[in-house]
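Starting from the known structure of chain A, arrange chain B on it as the hints suggest.
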Amino acid sequence: MKKIFFSFVMSFVAPMLFSQSYKPVQVNFKPMFGSQELVLNDSVYTFNLKDSVYIETLKFYISGIELLCKNKMVWKENNSYHLINLSEENTLHLMLQVPKNIHFEHIKFYLGIDSGMNTSGAQGGDLDPTKGMFWTWQSGYINFKLEGKSNACATRKHEFMLHLGGYLYPYNTIQTIVLPMPAKTSAIIVIDIKTFLSAIDLSKQHHIMSPGNNAFLLSQIVAKSFSPWIAPSKK
Amino acid sequence: MDSTFQKISIIFFLLVLLTAFVWVEETAFKIPDNWPKPKYDFTKNPLSENKIELGRILFYDPILSKDSSISCSSCHLQYTAFTHMDHALSHGIGDSMGTRNAPALMNLAWHSNFMWDGAINHLDVQSLAPISHPDEMGENIVSVVYKLNRNKKYRHLFAASYHLSSITGEQVLKSISQFMLTLVSSHSKYDSVMRKQSLFTNQEKNGYALFQKNCSSCHTEPLFSNFQFVNNGLALDPDLRDYGRMKISGDAKDSLKFKIPSLRNIEFSSPYMHDGRFKTLNQVLNHYTKGIQKNNTLAKELETPIILSANEKVDLIAFLITLTDRQFLFNPAYGFPK
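Going down the list, the sequences are from chains A and B. Counted the way the working numbering counts, the first sequence spans residues 1 to 235. Counted the way the working numbering counts, the second sequence spans residues 1001 to 1338.
Chain A on its own, in the form it takes in the complex (with noise of 0.2 Å):
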């Protein structure tokens, strides 16, 4: 009862809330292998000349979004993070509601969850324990994963798991990341999962799956992996 009451006010109220001008500006993440698509469970892809590479998870989390205007936070999302995970297709896009009159040129996030947060308890949403992204026997959230088999690992069954997380100094893996944002309601942002696994060692660093320095530098260097999409000129 008290909840179709609380509905029925909000109803009312929701929209006045936002009557003022309000955009969607849509910000698309595009995982890449070089110039190819990447595709989970799928394609063999090729890196370092002799190296194959079959990925079958990529998961990370962005947070703390803002855009920026001459390197000044114009605007920022309320509670924001977001799991973004490539085998479910809509957590790709994220819709953000930017007042109108706001002018901007850099989007900036964080790569994974800020130590805050990762000692604040359980929580829900994207979140939530049950996404798979949250360490169970020493706590924190794993920042970024990614799982799949390549020939350079002399693992079982070649596979290798990336786990990157930790949030307690020295070994804080959280990143900052800017990008220029040029276009004013939407932009799509390529992670190249080439450029990562072509600056890492993967026949050593093959299972990384808790906080210390491996996951500190390896997460650095994702962080790098990240631009903006600059769609093909030649046909």
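No lab work stands behind these hints: they were computed from the structure. Note that the structure is predicted; figures quoted are calculated from it, not measured. C-beta atoms are modelled at their ideal positions from N, C-alpha and C, and glycine is treated no differently. Some hints could be false.
Under 10 Å between C-beta atoms, here's a sample of chain B residues computed to sit facing chain A [claimed, not checked]:
1) D1041
2) N1121
3) L1123
4) Q1126
5) Y1146
6) V1172
7) S1177
8) G1250
Okay, derived cross-link-like pairs now, DSS-like style, lysine-lysine, Cα gap no bigger than 27 Å in a straight line [what the hints assert, rightly or not]:
9) K1213/B - K1313/B
10) K1247/B - K1294/B
11) K1039/B - K204/A
12) K100/A - K145/A
13) K131/A - K1313/B
14) K1279/B - K1290/B
15) K145/A - K108/A
16) K1007/B - K100/A
17) K70/A - K100/A
18) K1066/B - K145/A
19) K204/A - K184/A
20) K100/A - K149/A
21) K1147/B - K131/A
22) K72/A - K194/A
23) K1152/B - K131/A
24) K76/A - K131/A
25) K131/A - K1066/B
26) K145/A - K1247/B
27) K1044/B - K1153/B
28) K70/A - K30/A
29) K1039/B - K1247/B
30) K1338/B - K1153/B
31) K23/A - K1007/B
32) K76/A - K1007/B
33) K224/A - K194/A
34) K72/A - K184/A
35) K1313/B - K1030/B
36) K1253/B - K1300/B
37) K30/A - K145/A
38) K1044/B - K131/A
39) K76/A - K1279/B
40) K184/A - K23/A
Quick look at chain B alone, frame taken from chain A:
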């Protein structure tokens, strides 16, 4: 800018409405007299009768384990202050053995880290560890939530508490926290002496003085722990090779450090220490008087040996027994749900 004014008044109105709802459902958490403020942030998980009861039902239900053989209470029994009686190392699913002794569960609202090495940073996420541990419950939270959502009893219980159509991981964890938060032990003889409602015997009084002199820097009143990680001089077990806090922090300075346990209800929470190596309080005292292993992470207080005569040991143990809280151990509200 009257639209701003409009917005502010609407938000205000909503807040008033919301607090009215919360007010109806909330149950206050009682802080015992002269105790410090709890560490747990109750504003993020306000207690309610329904949720506490739901947490209790979950705590006692083997549905949380893979083959429905083990519940939290299999390792945490009320009559032993929620520790695992007579097992140095806890037994889990398929009779597998854990590597550590189950600690007593009480006054958890005052802890800021959980587990002997502080691997868990918040009470809400504690349950994930035993649920997922292959040697404990061997399950995972995704399938626990799936099983609960298919169970009619739980769908009703969760709907009554959270007013949502389906059960989430967050709700499961917060409900179990609610029950654990109510496990407050503050009615021992020691407490009634502090409240000037009864008196120590001479022996207990002498034991209390010895305790304050030798033990209370770590086992600090009124919770009987300051919850720091320290090395109290136990020799490394060569089979378990458990270096405690160092595994979490990666820092050699934390080698052999463990979370200081509370000593409330210590009479009933044998065996003692992180690996349950001692069966009796006498053995514990012998450790402190003549078993201390010196190494570079040993706590300063224990560098010079503690000296206790045979009589003093008896007195100290008499004091430790005043920390037994029968009201806690036999409180029907903590027992198996009806």
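Structure-based check of each hint:
The interface hint given for D1041/B holds, since its Cβ lies 8 Å from the closest Cβ of chain A, which is under the 10 Å cut-off. A least Cβ separation of about 4 Å between N1121/B and chain A falls short of the 10 Å threshold, and the interface hint therefore holds. At a threshold of 10 Å, the smallest CB-CB gap from L1123/B to chain A is about 7 Å, leaving the interface hint in force. Below 10 Å, beta-carbon pairs count as interface contacts, and Q1126/B has one with chain A at about 8 Å; its hint therefore holds.
Nearest Cβ of chain A to the Cβ of Y1146/B: about 9 Å, under the 10 Å cut. The hint holds. At about 8 Å, the closest approach between the beta carbon of V1172/B and any beta carbon in chain A falls short of 10 Å, and the interface hint on this residue holds. With its C-beta approaching chain A no nearer than about 7 Å, S1177/B sits inside the 10 Å limit, and its interface hint holds. Nearest Cβ of chain A to the Cβ of G1250/B: about 6 Å, under the 10 Å cut. The hint holds.
This hinted pair checks out: K1213/B and K1313/B have alpha carbons roughly 13 Å apart, not beyond 27 Å. A C-alpha spacing of about 20 Å is found between K1247/B and K1294/B, which places the hinted pair at or below 27 Å, so the restraint holds. For the suggested pair K1039/B and K204/A, the alpha carbons sit about 42 Å apart, so the restraint of at most 27 Å is broken. Among the hinted pairs, K100/A with K145/A is inconsistent with the structure: their alpha-carbon atoms are about 35 Å apart, more than 27 Å.
Of the supplied pair hints, the one linking K131/A and K1313/B is violated, its CA atoms being roughly 52 Å apart against a limit of 27 Å. Proposed proximity of K1279/B and K1290/B is supported: the alpha carbons are some 17 Å apart, at most 27 Å. Proximity of K145/A to K108/A is assessed by CA-CA distance (about 21 Å); at most 27 Å being required, the pair is judged to hold. Taking the CA atoms of K1007/B and K100/A, the gap is near 18 Å; set against the 27 Å cutoff, the hint holds.
A distance of roughly 18 Å separates the Cα atoms of K70/A and K100/A; the hinted pair therefore holds under the 27 Å criterion. Simply put, K1066/B and K145/A have alpha-carbon atoms about 25 Å apart, close enough for the 27 Å limit, and the pair holds. At roughly 43 Å between alpha-carbon atoms, K204/A and K184/A are farther apart than 27 Å, so this suggested pair is violated. Between K100/A and K149/A the alpha-carbon distance is near 46 Å, which puts this suggested pair outside the 27 Å criterion.
The straight-line distance between the Cα atoms of K1147/B and K131/A is roughly 16 Å, inside the 27 Å bound, and the hint therefore holds. Of the pairs offered as hints, the one joining K72/A and K194/A is violated, with about 32 Å between alpha carbons and a cut-off of 27 Å exceeded. Taking the CA atoms of K1152/B and K131/A, the gap is near 24 Å; set against the 27 Å cutoff, the hint holds. Annotation: proposed proximity of K76/A to K131/A holds, straight-line Cα distance about 25 Å (limit 27 Å).
Our distance criterion of 27 Å between C-alpha atoms is met by K131/A and K1066/B, whose separation comes to about 19 Å. Distance restraint check for K145/A and K1247/B: the Cα-Cα separation of roughly 22 Å lies within the 27 Å cut-off, and the hinted pair is therefore satisfied. A hinted pair counts as satisfied when its Cα atoms are at most 27 Å apart, and K1044/B with K1153/B qualifies at roughly 26 Å. A C-alpha spacing of about 26 Å is found between K70/A and K30/A, which places the hinted pair at or below 27 Å, so the restraint holds.
This hinted pair checks out: K1039/B and K1247/B have alpha carbons roughly 24 Å apart, not beyond 27 Å. With a C-alpha separation of about 14 Å, the suggested pairing of K1338/B with K1153/B holds against the 27 Å cut-off. Annotation: proposed proximity of K23/A to K1007/B holds, straight-line Cα distance about 19 Å (limit 27 Å). Our distance criterion of 27 Å between C-alpha atoms is met by K76/A and K1007/B, whose separation comes to about 19 Å.
With a C-alpha separation of about 11 Å, the suggested pairing of K224/A with K194/A holds against the 27 Å cut-off. For the hint linking K72/A to K184/A, the alpha-carbon distance of about 17 Å falls within 27 Å, and the restraint holds. Only pairs whose Cα atoms come within 27 Å are accepted, and K1313/B paired with K1030/B is rejected, the gap being roughly 35 Å. In summary, the hint linking K1253/B to K1300/B is supported, as the alpha carbons are separated by about 14 Å, within the 27 Å threshold.
Pair hint K30/A plus K145/A holds up; C-alpha atoms about 16 Å apart against a cutoff of 27 Å. For the proposed pair K1044/B and K131/A, the alpha carbon gap of about 20 Å is at most 27 Å, so the pair holds. Of the supplied pair hints, the one linking K76/A and K1279/B is violated, its CA atoms being roughly 57 Å apart against a limit of 27 Å. Taking the CA atoms of K184/A and K23/A, the gap is near 10 Å; set against the 27 Å cutoff, the hint holds.
Checked against the numbered hints above, the structure breaks hints 11, 12, 13, 19, 20, 22, 35 and 39 and satisfies the rest.
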